Structures are given as C-alpha cells and as structure tokens.
Amino acid sequence: SQQGEEDPQALSIQEGENATMNCSYKTSINNLQWYRQNSGRGLVHLILIRSNEREKHSGRLRVTLDTSKKSSSLLITASRAADTASYFCATGQLGAQKLVFGQGTRLTINP
Amino acid sequence: GAGVSQSPSNKVTEKGKDVELRCDPISGHTALYWYRQSLGQGLEFLIYFQGNSAPDKSGLPSDRFSAERTGGSVSTLTIQRTQQEDSAVYLCASSLSNSEEFMTEAFFGQGTRLTVV
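Protein sequence lines correspond, in order, to chains U and X. If you read the first sequence in this note's numbering, its first letter stands for residue 1, the second for the next number, and so on. If you read the second sequence in this note's numbering, its first letter stands for residue 1001, the second for the next number, and so on.
Chain U extracted, bound-state conformation (with noise of 0.2 angstroms):
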C-alpha cells in the first residue's frame, strides 16, 4: 500500500512561476525524501528532511514539513521548462528501514 499521497496529481503553470506539490502521508516517520522521475524510468533525488527538521533549502527548491500535520510541500521557485517532469515524495518509515513512495504530481511547465 502506498503511504504519501501528493496533492495534485498534476500541475501547469507558464515558466518563471512558483510551482508548489505537497505530500500527506499516514504512519510516523523519519525522513522525507523527494524525487524526480522524467520520462518514466529512473528517479533522481532532490531533498531530504528529517523529521526533527521543519524547512530545508536547496538552490530554487525548499521543502518543509509539518509531523503534526503528516504533510510535507515542495516549492520550486522561478520554475524552467526543464523542471517538467513527475515529482514524488518518499518516507522513511519509523520502525522500518524501507522508502515508501506515494503516486507523484505531474508537473508541466509551458514556455
């Protein structure tokens, strides 16, 4: 069974505009990762956040995390068409040691 879910499912905005995905998920965690998937085959990493940290920046992304609210955001500001792709959020499971993704938000960014 899948445990994040990512809120929405898809996204399309004109370039240069901030892009935000968020992710609910529903057990406790440890970490929360977030990836990239183009063109369906291998997913990049992006970000991790630990879940005794509550924003955390890289370049034009930042991703915050909310443990009383299980949900996470990724922002990507200023956005490029080559951010277009399927962004994922990825647990870490308290008490277990697997990455659990949930179903992704498609995003389109159009030039």
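Treat the hints as calculated values from the structure; they're not laboratory data. Watch out, some of these pointers could steer you wrong.
Claimed, not checked - For lysine-lysine, the following DSS-like pairs were computed, each having C-alpha atoms within a straight-line distance of at most 30 angstroms:
| hint | chain 1 | residue 1 | chain 2 | residue 2 |
| --- | --- | --- | --- | --- |
| 1 | X | K1057 | U | K26 |
| 2 | U | K70 | X | K1057 |
| 3 | X | K1057 | X | K1011 |
All of these numbers come straight from a predicted model, not from anything done at the bench.
On the provided structure of chain U, position chain X as indicated by the hints.
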C-alpha cells in the same frame, strides 16, 4: 560502475514464461530496493535488502515473485509464470545506508520495462 545498472532494459515475454531481472547496485551500498511502476502510476514497493537479507518481503504481489541478493551486491528479481498484469517498469535502487539513524538518499537504475504478451 558509477551508477545503478539494471538489465535488460526491455523484456518482452510470453505469458506463462519465467523472467529474471538483474540489478547491479553502486559498490558499497548496503541497502537495495525493488519497486514496480505501472504506466502513469506511483512506485509500488516490492522488497528491500539489507546486505543479503530481506527483512521485508511484504510487497511481493504473489508467490510467483522472488528476489535474492548475493555477496551484498547483485540482486535478481524472478517472476515465475508471468501474467499480463505483471507488465510494468521494474525499478531498482540502492543506498549507502537505510538504518533509521542514518537513512541516505536512494540512487535509481533506469529500470526494466517488462511486457507480457
């Protein structure tokens, strides 16, 4: 190699035949994961290895699916008596560690696209 390698990249097989999918993780990575992804869907967890042992096999869809890892390195996912619903992309990933105290990022291979006809 520099990254996670999966073979074959594409496999077409007849219903009822057995298939073996191979994953070569990054050298030194102790954790190895297998996932399945149907078209346009999320990643379905199948199994993970810590070294050569598989503490969690709960994601394997049926007893037709099995996996092993030898020498703390190469892993093979075997599907026996394939069915059309097994058609999907099978993704392998490895990470340096997956302990609760020190979980690290996972590196993915490009996947094997399995088509059962």
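Here is what the structure says about each hint:
1. X:K1057 with U:K26: 20 angstroms, holds
2. U:K70 with X:K1057: Answer holds: K70 of chain U to K1057 of chain X is near 26 angstroms, not above 30 angstroms.
3. X:K1057 with X:K1011: With Cα atoms ~24 angstroms apart, K1057 of chain X and K1011 of chain X stay inside 30 angstroms; holds.
Hint check: no violations occur; every hint is consistent with the structure.
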